[in-house]
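Student: Here are the chains, one letter per residue:
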Amino acid sequence: MKLSHKKKEHNDFPTVWRWEITVISALCLLFSALLAVSFGPIHLSFTSIVKTLLGIENSISTQDRTVLLYVRVPRVLLAALVGSALATSGAVYQSVFRNPLADPYLLGAAAGAGLGATIAFTSSTHNLTGILPIFAFAGATIAVLASFFISGRFFADPSSLVLSGIAVGSFATAIQTYLQQRHTAILRPVYSWILGELTAATWSIVAWSTFYISISFLVLRTISKRLDALMLSDEEAFSLGVNPRKLRIIAVVSATLLTATAVAASGLIGFVGIVVPHLVRGITHSSTNRALPSIALVGASFLVIADLGARTLVSPAELPIGVITAFVGAPFFLYVLRRKRMGHNSD
Amino acid sequence: MLGLTVVKSGRYILNEIDISIQDGSWTCLVGPNGAGKTTFLKVLLGVEPYLGSATDSGIQIYKNQDRNIAYVPQDPHIPANMRVYEYVLLGRARIDGWGVENRKMKERVLETLEIMGIFGMQDQQMDRLSGGEVQRAVIARALVQQPDLILLDEPTSALDLHNQIGVLNCIESLKTSGVTIISTMHDITLAAMYANQIAVMKNGRVLMHGETAPVIESDELKNAFDNRIDVFKLEGGSSIVMAIKEPQ
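Protein sequences, first through last, are from chains A and B.
Taken in order, the first sequence gives residues 1 to 347; the numbers are from the working numbering.
Taken in order, the second sequence gives residues 348 to 595; the numbers are from the working numbering.
Bound conformation, chain A alone (with noise of 0.2 Å):
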């Protein structure tokens, strides 16, 4: 069997992904940080940033170094991390669950964290540095694991799962509610924290977002190409063969790991995980899970400029994080939603 002569001359061998998007996308980033840390109340120049990082020269003065190293730096590292997880638990989560409207908070995950917080918050006034990303985490993690137990028998099935997650989700949200209406005190705290906020960024964060996030990406990577196989159906996965339902709990529980990490370092950062794989696939016009190194340097991009916008639009005061991206996200998740159907229309 070969082409016809005259579909040859003409024929254009497409491909799946080009490895220079990637490396664009990673460009990105780097220009992004860079914005990110030279602007604030105080301005530093992009050589003077570079040559401190480097340790070239001390080309500013003390109290700018301190300003830099331990403020700006971290605070632009955290959003990176937070914003390449959630983009990739969104993206990931989309292919699981054959859904393109599926976030990394699909699984009771939000839910979970925000009564992990709300506890925290109860149960001390004092330093929650240290105890309030940890209940977060628990909070996640419980959820989602809740939601694969209520699944049943049923075990790793999407559609069930997705419902569990609405029931888990639900519940935790009515514990919450009533904890809050018990302790008022707490009210302010907590709905600040569910909003979103990367001004608490430290080194010490920044390490062990790193590390949960590492040891995701690392699973992610040596699955991602097999992902492909879970938008089909299970019988047309297993024909290719994947273990459908093995896969899909290994690609849960790596994705669930980055959502309750960005949660326990951030808060809640909504529709970066939608946003984010959406506006790759579309760009690139590619839908496989080829993709995922981008989205997650693209994420990471994102909140960092989200950042960056929170923390000078109103200075000196700081807005949160997640109403920027909402106000970014949700009018290009319509103009999504209308491109569509504007493209079935005109079919």
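One or more of the hints may lead you astray.
Unchecked claim - Here are the simulated DSS-like pairs of lysine-lysine, each with C-alpha atoms no more than 27 Å apart in a straight line:
(1) K246/A to K355/B
(2) K451/B to K225/A
(3) K549/B to K355/B
(4) K569/B to K580/B
(5) K453/B to K522/B
(6) K410/B to K225/A
(7) K522/B to K246/A
These are calculated hints, taken from the structure and not from any lab test.
Fit chain B to the given chain A structure using the hints.
Tutor: Relative to the frame of chain A, chain B by itself:
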């Protein structure tokens, strides 16, 4: 297969089936709804647990992924936003591994798209195609897998007559390369035109299995449909199977 049985919620979906499928043949499973045809395909694929014995080259087939089997479901799940090329290329993962993409694979995919009559659509999104085009793309994905066995569940159900003939002709061409084909079809006339062997199923049992001509003319086929069908033989030797409309 010997004594092949599948029980779900106390109901026998397949009941003591004894059947042997010839390599390189096209066997078509026919029968009324609920006869167990799709479940039988899933057993052959290796995803459905069973009682009794079902072997391929002497090895039990349940969860056996050493066999290269292509599966075309009746209602395939079409990934949102996936291009036709990306979708068909998934079939090569079985042979070349996941994430591999080289010129030879691309040529194979494009050749298969041409054979299936959808060359030129490689950059279109799967969810924008018509029902017939989607079915052709799904079969193309199965063909690029170069399977030893291809299982098709109602491959023509969503197609107009022109597309039905086109798709069945493409599937028939696989016989020359020694691929074993097993399909289910509601249209028994088309099944008789293309398949070498027919198996008549009803209530989880195989009532009759053998060469197409004798099975089509058998009483077992009529019994499977409660004698509400009739078979007409044309001059060229082909048979037409039609439903009998009872007078009001």
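Student: Where does the structure disagree with the numbered hints, that is, which hint numbers, in rising order?
Tutor: The structure breaks only hint 7.
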